[in-house]
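Residue numbers (this note's numbering), protein chains in the order written: chain A, 1 to 343; chain B, 344 to 602.
Simulated from the structure, these hints should not be mistaken for lab results.
Check each hint, because a few of them may be wrong.
Okay, the calculated beta carbon distance ranges per label pair [claimed, not checked]: (1) Arg106/A to Gly359/B: 21 to 31 Å; (2) Ala496/B to Ile120/A: 40 to 50 Å; (3) Gly529/B to Phe303/A: 52 to 62 Å.
Yeah, the Cβ is synthetic: ideal placement off N, Cα and C, and Gly gets one too.
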Amino acid sequence: MKPSPRVLVAAAVCAAALAAPLLLSEAQVSVYVLLLLAACVVTGLSMLMGYAGQVSLGQASFFMVGGYTAALITTHGRPSWLGLAAAPLVAAALAALIGVPLLRLRGHQLAFATLAVQLILLNLVGQQEWTGGDIGLQGVPRLEIAGYEFATDLSYAYLALAALGLIALITRNIVASRPGRGLRALATSEVAAASSGVPVATYKLAVFSLSAGFAGLAGGIYAFYIGYVAPGSFPVLLSFEYVVMVVVGGAGTVYGALAGATVITLLLQLLNNVGTMEGMPAAAPTVLSYAVYGLLLILIVLFMPRGLVPSATGWWERRAARGAPASDEPDAAPVRDLARTSP
Amino acid sequence: MSAVLRIESVSRAFGGVYAVRDVSLTVAEGETRAVIGPNGAGKSTLFNLISGHLVPDAGTVSYGPRGQWRRIDGLPPHARARLGIAIVFQGARLFGGMTALENVMVGAHARTRHGFLAGALRLPGQRREEAEIRADALAALERVGLREWAHRAADVLPLGQQRSLQVARALCARPRLLLLDEPASGLRAAEREALAQLIEGLREEGLTTMLIEHDVAFVARLADRVSVLDLGAHIAEGTPEEIRADEAVLTAYLGEGVS
Chain A
1 MKPSPRVLVA AAVCAAALAA PLLLSEAQVS VYVLLLLAAC VVTGLSMLMG
51 YAGQVSLGQA SFFMVGGYTA ALITTHGRPS WLGLAAAPLV AAALAALIGV
101 PLLRLRGHQL AFATLAVQLI LLNLVGQQEW TGGDIGLQGV PRLEIAGYEF
151 ATDLSYAYLA LAALGLIALI TRNIVASRPG RGLRALATSE VAAASSGVPV
201 ATYKLAVFSL SAGFAGLAGG IYAFYIGYVA PGSFPVLLSF EYVVMVVVGG
251 AGTVYGALAG ATVITLLLQL LNNVGTMEGM PAAAPTVLSY AVYGLLLILI
301 VLFMPRGLVP SATGWWERRA ARGAPASDEP DAAPVRDLAR TSP
Chain B
344 MSAVLRIESV SRAFGGVYAV RDVSLTVAEG ETRAVIGPNG AGKSTLFNLI
394 SGHLVPDAGT VSYGPRGQWR RIDGLPPHAR ARLGIAIVFQ GARLFGGMTA
444 LENVMVGAHA RTRHGFLAGA LRLPGQRREE AEIRADALAA LERVGLREWA
494 HRAADVLPLG QQRSLQVARA LCARPRLLLL DEPASGLRAA EREALAQLIE
544 GLREEGLTTM LIEHDVAFVA RLADRVSVLD LGAHIAEGTP EEIRADEAVL
594 TAYLGEGVS
């Protein structure tokens with residue numbers, strides 16, 4: 001039997017992701033690790049935005065909470081694997097707690113509220129002694145699981161890849177299941193979803209919490225990889241970056257999150273290289289990234305409102321439909337339709 | 344016949360104007376009850392008070408399938424759906440970005456169980472339940488004549504089919520009480536006939552149905568009893584024949600000189 005294009009694409013993406021760290025230089029591997037961690041956060045945010053129809057402008061705060069959780073536990077002499085395991089749990093629990101009042105808000109009010117949460121958390125963390133204030137927590141030990149120490153960039157690349165694989169699998173499974181259908185339903189009509197038995201408020205809270213958990217896991221890995229956490233590592237701009245990645249890649253698809261994270265990370269790297277060239281003012285990297293986010297958002301919203309991946313697959317399907325009109329029979333693949341419509 | 348729904352002295356106002364005023368009515372198990380009345384009589388408001396999208400200012404709504412009575416006027420819509428109350432809205436409230444089949448599968452949400460954890464882990468029980476939901480949804484689509492649309496996007500369906508799709512979604516919930524808010528409006532003659540036959544079939548199966556409808560012939564054919572609302576008040580109740588002869592109804596609803 002010929003494998004479907006979906007399987008081929010998935011296999012190709014996996015192979016490329018696995019091979020990449022071996023082919024890249026050391027400096028490039030470090031960018032790759034950060035790219036993968038961003039993709040972890042963006043996959044959760046994409047589910048929140050694409051399926052539950054909620055926007056969070058404070059997603060970096062959950063990344064930060066994960067990072068600080070791992071750093072605090074480990075620097076207090078507890079095993080590092082415990083720190084990694086606690087990072088997503090603490091972030092998810094915090095989201096569940098603040099989500100109860102926050103998710104009563106809608107649209108841009110919710111976005112502002114999540115932004116406010118991040119500003120408050122940044123302030124708190126910057127002023128507390130036990131979080132190390134503005135200096136943060138230094139000297140986070142390397143991650144050690146069952147006697148294996150993650151010491152090299154390469155090992156973190158595969159750790160981040162494993163985390164992303166797990167997150168993508170969980171997301172895909174949920175989207176194709178009963179709660180996933182409920183989420184997708186409430187994104188278009190909360191009234192009709194509730195009438196079908198979907199507990200709208202609970203589901204929104206669950207997906208908010210889940211997205212925070214993904215961000216927390218990425219934050220935990222980040223803390224072990226970089227070796228310190230400080231408020232300056234989790235600016236508001238980082239939250240914007242995640243939203244831009246979701247919009248560019250296409251909300252509500254796992255591939256979209258990957259594509260968005262890749263495109264934006266590479267672009268930022270390029271801008272950073274330009275911004276730090278000799279003769280550039282000190283503010284150049286920040287100004288450049290804000291400007292390019294703005295420009296990119298405008299372009300995407302104008303020309304590809306659904307984002308890169310949905311636009312590309314839509315174009316591909318239209319092309320395939322034109323090429324083979326006879327196979328356009330709706331029942332041609334009855335067992336695959338769920339997979340076809342979900343990412 | 345035993346009752347399944349009891350509404351007692353229910354009122355609901357919007358901005359000081361009563362949409363439903365002191366309405367009491369009882370619906371028997373297995374009955375098809377039509378709710379008629381001029382525009383703005385409070386029919387849809389009454390349905391929303393039963394389905395849970397509105398909370399009454401005063402009065403009680405009780406629901407008692409198989410004699411197990413409980414007050415439901417404080418419950419949110421999703422909890423009422425779990426008790427077996429399904430509603431088909433007047434407008435097409437479909438879930439965009441999903442296929443017709445997936446739309447109908449959402450209908451089974453109220454009576455199925457597995458949650459985020461089971462979904463994320465794809466536990467065996469979850470996969471079995473998923474297959475059952477799928478089979479039920481296909482059967483519901485078959486029943487409303489949309490089987491061949493199963494794998495199309497729901498939002499590209501023509502208006503009549505969108506309405507039928509909502510009915511299939513409600514049926515997939517296997518409701519005990521089905522609320523149909525003007526299901527026939529905007530349908531062509533053949534579609535209306537198919538809908539009428541479907542409602543007759545549901546009555547034969549013993550499903551309790553409440554139906555808002557303007558077409559008098561449609562009501563006379565399908566309804567066991569008719570409730571008439573006017574300006575939010577329940578002004579008459581009886582068989583279609585009794586209602587046709589009721590003076591108050593004639594003046595309020597059908598107008599003078601109709602008999």
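Now for the hints, and whether the structure bears them out:
1. Arg106/A to Gly359/B: 21 to 31 Å: holds (27 Å)
2. Ala496/B to Ile120/A: 40 to 50 Å: Since Ala496/B and Ile120/A have Cβ atoms about 42 Å apart, the given range 40 to 50 Å holds.
3. Gly529/B to Phe303/A: 52 to 62 Å: violated (36 Å)
In this structure, only the earlier hint numbered 3 is contradicted, and the remaining ones agree with it.
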